[in-house]
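Trainee: Residue numbers (this note's numbering), protein chains in the order written: chain A, 16 to 68; chain B, 314 to 1109.
Since the hints were derived computationally from the structure, they do not count as laboratory data.
Hints should not be assumed to be uniformly reliable.
What the hints assert, rightly or not - Here are the computed lysine to any residue pairs in the SDA-like style, where the Cα-Cα straight-line distance is at most 20 Å:
{"no.": "1", "chain 1": "B", "residue 1": "K441", "chain 2": "A", "residue 2": "H50"}
{"no.": "2", "chain 1": "B", "residue 1": "K426", "chain 2": "A", "residue 2": "R55"}
{"no.": "3", "chain 1": "B", "residue 1": "K520", "chain 2": "A", "residue 2": "S17"}
Below are the chains, spelled out letter by letter.
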Amino acid sequence: MSIIYFLIGCSLFLAVCFLGAFFWAQRSGQNDDLHTPAMRILLDDEEEPPEEK
Amino acid sequence: MIETNTIEKTTCYHCGDECLSEEYVIEDKHFCCHGCRSVFLVLSENKLCSYYRYNDHPGATRARIDKRFDYLSDTTIINELIDYADKQVTIVTFYIPHIHCSSCLWLLEQLNKFNPAVHYCRVDFLKKQLNIRFDHRQLSLQQLVELLYDIGYEPMISLQDVIREQNSATKDDLVSKIAVAGFCFGNVMLLSFPEYLGIASFEESFKYFFGLINILICLPVVFYSGWGYFVSAWQNLRNKVLSIDFPLALGIGVLFIRSVVEVLTRSGAGFADTLCGLVFFLLVGKFVQKKTYHRISFERDYRSFFPVAVNIILEDAEKPIPLAQLHTHHRIIIRHNEIIPADAILLKGEALIDFSFVTGEAVPVNKTLGEIIYAGGRQTGEVIELEVVKAVSQSYLTQLWNNEAFTRKQDNRMQTFNEKVSKYFTIVLLAIGFSSLLFWLPGDLKRGLSAFTAVLIVACPCALALSTPFTMSAALSIFDRNLFYLKNTAVVEQLARITNIVFDKTGTITIGGSANVQMKALLTQYQKQLISSVCFNSVHPLSRMICQYLGRTTRLPVADYSEIAGKGIRATVDGHKLKLGSAEFVLHQQHDAIHATKVHIMIDEIYNGYFAFEHQYREGMEKITALDPGYQLHLLSGDQDHERDELIGFFGEHGKMHFNQSPQDKLDFIRSLQSKKRKVMMIGDGLNDSGALKQSDLGIAITDNVNNFSPGSDAILDGKSYEKLPAFLRFSKDAVKIIHFSFFISLTYNLVGLSYAVTGNLSPLAAAILMPLSTVTIISFTSIATHLAAKKRHLL
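Extracted from the complex, chain B is given alone in its bound form (with noise of 0.2 Å):
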């Protein structure tokens, strides 16, 4: 019935997708499109084709081929770009999402071999960051940036700077806070060695020395590596919330303290080592938790999204502006592939805006003139000029950043087992203390002292402590390895704790961005050709789809070629009179219902057939389906309800899916199955979740690349992994029962220590043995256990 053309696939010699057409071939190299071969003439010209030499295809695609950098000559922009400027030198980072292999490397840092002015470059590879120092007086920031994008490397430019934030965050001085403590555990233990061994009576001078010296060791412990946990304490306590950290820094300072009194009053050794090798481990975990995988900003909002600055009719001039300095009744200038920055009111053009990633719709809307357009809608076609009549912050979309969801504080919005636990543990380990001095005080003081410190010091929850960091950390790199990328640690007990699961539609469970398209049309070979050739002219993302659909085919000469935006395209091929588009523009008849776009076909005024083009399920549906009986499932969609029958299937009753929800709706049915005390995880993709996103207990940004944009959220999925979701979800749960059972083998350690430690009769080595062994036990259990958990689920 339909036949299939099995032409062999070239792929592009630069950027390795699919040549739909034999147009750009250059020494038997073939390309795809005008923008993959002008970067190889860049490169060929400049000697630096050993690009192509390291990896097969390290091109990115190059769709857009028009630059416009003209705002990179504003000085207001250029200082809020560089990281430094003197007379002559302007240093400045990029961050370049396209960074991806040895290619990417090599070329950038040769960038000096295309302008000498470019005095020194590198590539900071995990953040996909350049770093170069450049002579400003022969070489402008706007120059640059063209230069970068001239060899297909164009640099995300953003209002809002990730790079600068995220720098900003990792000055910390927590590896040297634990490289002190690291070099004071293994001091002390070589000068403890000789007391547990046994020094001789006629040396005991030297006991009294390595005393002396160990307490000396401790005093950076103390005061540098471990004053952390001192200065949280006492917060917590003045906030009067008893953290893990308040017994911590107790037996932190006991440990001390008792060592100090026995090495000084000569009776006793003191538990330096213990104390040194308590603080250590305790660092070592927060580093552990602390340590990130993937360097994804969560954090991202409208500001990332949206261009830097926007073109506007000054004086019948065009001039670039900041976006912050845009205002009401500016007159602004968007041309193909920009974005819409604030509604706006169309004065001139045809506007054909692509709404794909606020509302996820695929197919770009038809606007008429005096219509009001949303912001974040990307133009495609032609210039358009319009009129502004909100200014950013106010617009339809962002209004929703003054919403309280997003100024709230929203570090651990759930109690994290650890914090629930550690307040009862304090009550209990300060209770024992004080009844075993109460018990001795009568007869013996220094009994009782004695007993009553040596069960802070056994008590002391390093193990406990330990235990969901490592555990935490190993989950994450679990989920990091599946494409999941969570923001922190305390995400993965949230997870665990989810008991609602809502979705968005468009772009979360269908692809976003692309459609499936059908042919339900009987072509010949040849009535594909001439269909092929008319639609390759257009830039309409339907006519680009069509084109991938029926694969490269010869084509044919075009003429008396006219486009009608939002309608169709009417063209004469090859002797045949082609109408391409709406049933109103062929058919002359008003739209039928509308249960998928659809573009008909009409050749020499006979009527042929269409192309559908259909929303396309993410694969998976059924599983996420087969959650429905542990986690309460809902769909929320911006659309209207014309897909209801089909997600029916999937989402059943009709009570659990909404329709024709605007980000406002999202966000308060998030909120009102909070306040039935629910669990609540959203997953969405576009800037019109980002609401529901920030309201929820657990916001999953689903992207199909994970270096574009995505709302802030708590964490990012992958579309591959989204059929993955049930194991992510069961894996988290087997990684709170992992830190529970952990729990209890740090409680066994601690009653053992503190049998002995009630008695009052702590030896110092008992303690240095006890410590680092729980340590090790807990360390080894959690990763092994977190291991065979992820094995069971299939993530390994």
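Just chain A, with the same shape it has in the complex (with noise of 0.2 Å):
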């Protein structure tokens, strides 16, 4: 049953590599405005719009 401690250590390593991809996101702004982004994507960007009628 040792192997119990090299999968903790290993279970533990890659919760802490989450924890830090979250804190990288959360200091490069990404959380910051979570309303517009949704928005955006819902607008085409087209290149020439087309004639009004």
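Join the two chains into one complex using the hints; note that each chain is given alone, in its own frame.
Mentor: Next comes the structure, spelled out in structure tokens:
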């Protein structure tokens, strides 16, 4: 059962990696504005807008 | 009798307002004014008409069509406004109140199609901010603002930079602390399970290993996430206050020390998971409490109302200077729609000052040469020249800000329930802890210590600490949904304790800015057409209101038009001579008693009657009056008492209404009520109420457009929800009752836990179950109860 020492080490290491990833996202401002990107994605970016009728 | 014309309404393609004229038509698209049409032209020139595809009428109406941003060439002002600049690039953030739909978002992020010097632009929709990076060698800040203005998105540029204050305030690491606590909570829980489920005796070594890892994981929870509790408990102790943070810090500390001791001495498993769970839930509670639902500034003062710069005459030339540099004896130039920033004497021009924001009075006031004009008025009409007599900070309006009410720290003006209870709670808790220690001490030191620590652990007021934030934030979101925006959660409790409500009159119980037009004249359709044609030529607010009232008609050619400021209009239309204006101007008689503003009509020397402009009371006044037995209502007005008779119906006897009140009088009145131990709520709208709003226990600013300027206050109420005020008051009382009730629930849990704890036999498993269970109960109870209470008050 000594494998448990290794497995717990692995799981903690992985979890710390994810925590680090979260910190990075937080610090780089990814969570600052959660509303606008959701609207932006609905807008088309077309080069030439269709002629007005 | 009075003919009603049923001409079909056309709405403006750009802003959706009703078109009063047939003048502005392009490609069968109707526009209400020149401003809206010019925006459309700018957009169509740049092939950006998709703007109109995403939403109908996305634009803002453009009553003002003159742009004046000369002051943006002044380097001191530029440096105040921008975020960053180097040799090539400038970064600036604007607050644009009109951002409201996906079209706005789309258009504002296409700025570089108008001008390639704009490198980058990003909208923050909820904050209504636009962040722009541009090359200042090709495009000056002034040109950029003019571009934004041209496409209908004028940024709000003010002295008090609300944006920067907001941005700096949000920099706190609560989210990171929650992340760490949550991470540790999850891991510790997993590692504690073997212990709870039972570890076989041949695997005893694992037990020690798990314990050590648990302690290790607890370290960041105690010393990073939970550290704030120790700091604040210590600070409160030094200020001789027993706040709820003290038992919390005690609980965290005892949990940690006991866990370390138990694991290191191999005498038990410790309470690591309870500790992590406790800190995690507490921080979540804090987060919920801090969450703000609306990005509205409650801290605005006169600086955000006044312009950034003003034009002065210096050696016969006009020069914009920042307001801070404005001194007495400066000669200033004020144009149409500009605000007078300091008390000044009128030297030149016809002043017609709109004090609607200062006093709430809808009708502009005429001023004669040599008269002192108080700061805060908005000039309508032609250019005027004034000499400043008092510095900006010494003006009639702004000197209120020097009053002590504004310097007072005013976080929690009333003690919250939590603060009151936690004092006694802590004392009782310590008493029980020490008595259980003393009880076991003579015989069994170990059991005594174990009982003592167990008491502190079990009685840790986690559920108590969570009941207020969760109830209050649920209440806050319900208020928010009903267009009543509170500054923070403590305001809900303040609302529940109000005994006296003081109303301002103009703009608060009457609808600000607009008056009810009544036609006291018999006019044919043709005569209406004549009047409308004349009024269309005037920028005077009364003319505009008449125009709007008469609706859309075909304009007739107007000749010999002359407008005498403050008096009236004389013109010849279609061969008929028209005179519109005051009684003195039209009828050559002195003013009759002023009950309402009137515009008299004379066509071809025959008197036809008049238009009367009366204040319109907000809907739901009867509901407000019905509050009377429970609350004392008062009325404060800066006006004369000519509306006294109508208001008696709402406010009853004379003693409750006070007229002719200066801003200082209003503040003093609130203070005199407070000295009688009354809890006073002030509802006002203008700058003249700001002293009273600040002095009161709860100041509510009422506004018809939340993005407009409103004076600093604890809450902002949208005029549409005015009639819900009684429901808000009742609901706030419900919320406080819910907090009281959840306090008893958490006490019950504490008592159950304590009955185990005093015996000294608290098992880690019991603590690990009890703590989250009580938390979950409290959270679900408060959210469900708040929801039901809101339903009962018809707020959902």
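Trainee: Evaluate each hint against the coordinates.
Mentor: Results for each hint:
1. B:K441 / A:H50: holds, 11 Å
2. B:K426 / A:R55: Judged against 20 Å, a Cα distance of about 17 Å means the pair holds.
3. B:K520 / A:S17: Answer holds: K520 (chain B) to S17 (chain A) is near 13 Å, not above 20 Å.
In summary, this structure violates none of the numbered hints.
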